[in-house]
Amino acid sequence: MMTEITETKDFIRNIIKEEMENGRFSQVHTRFPPEPNGYLHIGHVTAIYADFSIAEEFGGQCNLRFDDTNPIKEKTEYVDGIMDDIKWLGFDWEDRLYFTSDYFDQLYTWAIQLINQGDAYVDDLDMDEIRDYRGTLTEPGKNSPYRDRSITENLELFERMKAGEFPNGSHVLRAKIDMASPIINMRDPVMYRILHADHHRTGDKWKIYPMYDWAHGQSDSIEGVTYSLCSLEYLNHRPLYDWFLDKLGIDHPQQLEFGRVSINHTITSKRKLRRLVEGGHVDGWDDPRLPTVIAMRRRGYTAAALRDFCKTTGLSKSHRHMDVGMLEHAVRNDLNTVSPRAMAVMDPLRVVVKNYPEGQVEWFELPDYPQDKKNRPATRKVPFSRLLYVERDDFMEEPPRKFFRLGIGREVRFLGAYYITCTDIVKDEDGKIVELHCTYDPESQGGRTPDKRKVRGTIHWVSAHHAITATARLYDRLFLSENPEAEDDFITDLNPDSLRVIENIQLEPSLANASSDTVYQFMRKGYFVPDEKESTPDALIFNRTISMRDTWAKRGK
RNA sequence: UGAGGAAUAGUUUAAUGGUAAAACAACGGACUCUGACUCCGUCGUUCCUGGUUCGAGUCCAGGUUCCUCAGCCA
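Heads up: take any position in the first sequence, counting from 1, add 295, and you land on the numbering used here.
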């Protein structure tokens, strides 16, 4: 007897499981259908994860299909970018890369079938007239005067549309359904419009292009897709999806809808993202403050973290407004296990260890993964000398209660080195502290003393003469309000402090050959990654992926 | 005010007529050579009102709120 594992499933997986048991389909085949008109963002990641992971769990496959039915908006640049992002996220469509434009000929043949069946007609009404005839949410529409043309006339007109004899907007092919349907989508939806535009794949071959509704279900059917997962707003389109497939009498995939994900303090509307980029409010589609996949990647977010975020977040039948904290938790959680540690001082304060011999240097061997030394034994050498840098805010002249770091007369542990006691401070004429005078206990090397006395504080440090100077870019939420999309003008809601550049941070020398495919934990400060575009060995620039949780800093608030 | 969809902790998701659960957040504590990590604890009369039932988040009736649809966008 096997142990029953009761694993929580979302409603989509439950439906699929049930239908597979009933034998409705013999396999699970999904597809991810992006339109190549922009870059992928965190909202798409949820859909990608659903499409690929569900197929995989049920032993099926997931296709990548570019939904390229609108040549005016689509570009090859986006096709390449999207493929890159999906690969980086860790998903593989193998040899199943498709384009809706691959099916333009088949779609055209099927359109003729519908005309012959009396299920489609060419309409001469212009855009405004069609809108007027459509009616409103509460009033039925009325039939177009061209609705009852003969099949022969429809065939001839449609052929001439295809041949490019008519200008844009002069004719459309419409499905003949029901102008009084309470479902507005069913009021004779447009199947083809005339567009004299070059297509990124088919060039100038076509003068007519299919609409989403006419293309999508048929493309799914051609590819043998069994489950066509999409977002909630397509629920209204399902009757039409089904209608086309039924009229054509071809394989009929099941459309299933789930709620989109949005994250607070950011935006995912493609139009608004474009405005940020084009308006120069951010530094391109890969600006690390953006929720696009390329940006998150540049910032140091990992694919594993993103996948884990999707997994723990699940699927539901309503739109979700997620707290960015949940995403950040997934990032910290993954980085905590995979990031090598290093020391970097962001705001340097000089320390002279008075009783440490002038000119002496000791190289301490420190673990890269102190939290997992067994499985990750890598180490690096870090120099210690008489002149060091520590973090300015790790010293306080008048320390409050429960402050465990440096102060006059206080002893703390310098990570991986010695116990250090501050004896004196040096100020400049403005009263600003410029240097700390300290002593070290030679018996405390390795972080312990023979007398086993305890120190509460452990701080990081860098040897001044060996330190590498670098730049750090600290990112914060892009928008001040939780839901910038709801603001009258989301531009005015931009956080003026979303980027802080800090020059002259001091790094331990092992970071000299830091690479942009490794995210480092600067101990006690956060996770940092060299910027893949702008960091060079001579001028290192680190992006802060995310800060450490800091319960001490919170106390002050 | 047509049609469709959704309401469970601050947020997100479970519980499929049988003790309302988990993650994140917040707060309190323990531990710690990272004030990180880890661990422990605290935080809900399931949108409302009735009904069925020994028993209702779940079933029924009525109501409320929110979302989607009137592109020749997807």
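Bear in mind the hints are in silico, worked out from the structure with no lab data behind them. Heads up, some of the hints might be wrong.
Only pairs whose alpha carbons sit at most 25 Å apart, straight line, appear in this in silico DSS-like list of lysine-lysine [stated by the list, open to error]:
#1 K502 x K649
#2 K304 x K612
#3 K565 x K500
#4 K749 x K649
#5 K668 x K697
#6 K565 x K649
#7 K370 x K312
#8 K849 x K697
#9 K828 x K382
#10 K370 x K676
#11 K606 x K312
#12 K606 x K382
#13 K370 x K668
#14 K749 x K668
#15 K606 x K649
#16 K500 x K368
#17 K368 x K565
#18 K370 x K502
#19 K697 x K676
#20 K567 x K471
#21 K368 x K457
#22 K606 x K437
#23 K542 x K370
#24 K612 x K649
#25 K370 x K382
#26 K471 x K437
#27 K649 x K567
#28 K502 x K471
#29 K370 x K471
#30 K368 x K649
#31 K368 x K382
#32 K542 x K457
Keep in mind the model is a prediction, meaning the values are calculated, not measured.
Now the hints, each set against the structure:
Restraint check for K502 and K649: the C-alpha separation of about 82 Å exceeds 25 Å, so the hint is violated. At roughly 13 Å between alpha-carbon atoms, K304 and K612 fall within 25 Å of each other, so this suggested pair holds. Of the pairs offered as hints, the one joining K565 and K500 is violated, with about 29 Å between alpha carbons and a cut-off of 25 Å exceeded. Proximity of K749 to K649 is assessed by CA-CA distance (about 22 Å); at most 25 Å being required, the pair is judged to hold.
Between K668 and K697 the alpha-carbon distance is near 30 Å, which puts this suggested pair outside the 25 Å criterion. Taken as a hint, the K565 and K649 pair is broken in the structure, with Cα atoms around 59 Å apart against an allowance of 25 Å. As the CA atoms of K370 and K312 are separated by approximately 38 Å, the hinted pair breaks the 25 Å bound. Restraint check: the Cα-Cα separation between K849 and K697 comes to about 13 Å, which is no more than 25 Å; the hinted pair holds.
Between K828 and K382 the alpha-carbon distance is near 20 Å, which keeps this suggested pair within the 25 Å criterion. Of the pairs offered as hints, the one joining K370 and K676 is violated, with about 49 Å between alpha carbons and a cut-off of 25 Å exceeded. For the proposed pair K606 and K312, the alpha carbon gap of about 18 Å is at most 25 Å, so the pair holds. Taking the CA atoms of K606 and K382, the gap is about 18 Å. The hint holds against a cut of 25 Å.
For the proposed pair K370 and K668, the alpha carbon gap of about 48 Å is over 25 Å, so the pair is violated. At roughly 23 Å between alpha-carbon atoms, K749 and K668 fall within 25 Å of each other, so this suggested pair holds. A threshold of 25 Å between alpha carbons decides the hint, and for K606 with K649 the separation of about 54 Å lies outside it, so the pair is violated. This hinted pair checks out: K500 and K368 have alpha carbons roughly 17 Å apart, not beyond 25 Å.
The hinted pair formed by K368 and K565 meets the criterion: a straight-line CA distance of about 12 Å does not exceed 25 Å. Pair hint K370 plus K502 holds up; C-alpha atoms about 18 Å apart against a cutoff of 25 Å. Of the pairs offered as hints, the one joining K697 and K676 is violated, with about 32 Å between alpha carbons and a cut-off of 25 Å exceeded. Among the hinted pairs, K567 with K471 is inconsistent with the structure: their alpha-carbon atoms are about 36 Å apart, more than 25 Å.
A hinted pair counts as satisfied when its Cα atoms are at most 25 Å apart, and K368 with K457 qualifies at roughly 20 Å. As the CA atoms of K606 and K437 are separated by approximately 47 Å, the hinted pair breaks the 25 Å bound. For the hint linking K542 to K370, the alpha-carbon distance of about 33 Å lies beyond 25 Å, and the restraint is violated. The hinted pair formed by K612 and K649 fails the criterion: a straight-line CA distance of about 66 Å is larger than 25 Å.
Distance restraint check for K370 and K382: the Cα-Cα separation of roughly 19 Å lies within the 25 Å cut-off, and the hinted pair is therefore satisfied. For the suggested pair K471 and K437, the alpha carbons sit about 12 Å apart, so the restraint of at most 25 Å is met. Straight-line distance between C-alpha atoms of K649 and K567 comes to about 58 Å, which puts the hinted pair past the 25 Å bound. A hinted pair counts as satisfied when its Cα atoms are at most 25 Å apart, and K502 with K471 qualifies at roughly 22 Å.
Between K370 and K471 the CA atoms are separated by roughly 33 Å; this puts the pair beyond 25 Å, and the hint is violated. At most 25 Å may separate the alpha-carbon atoms for a hinted pair to count; K368 and K649 exceed this at roughly 68 Å. With a CA separation close to 23 Å, the supplied pair K368 and K382 stays within the 25 Å bound. A C-alpha spacing of about 22 Å is found between K542 and K457, which places the hinted pair at or below 25 Å, so the restraint holds.
Checked against the numbered hints given earlier, this structure breaks hints 1, 3, 5, 6, 7, 10, 13, 15, 19, 20, 22, 23, 24, 27, 29, 30; the rest are met.
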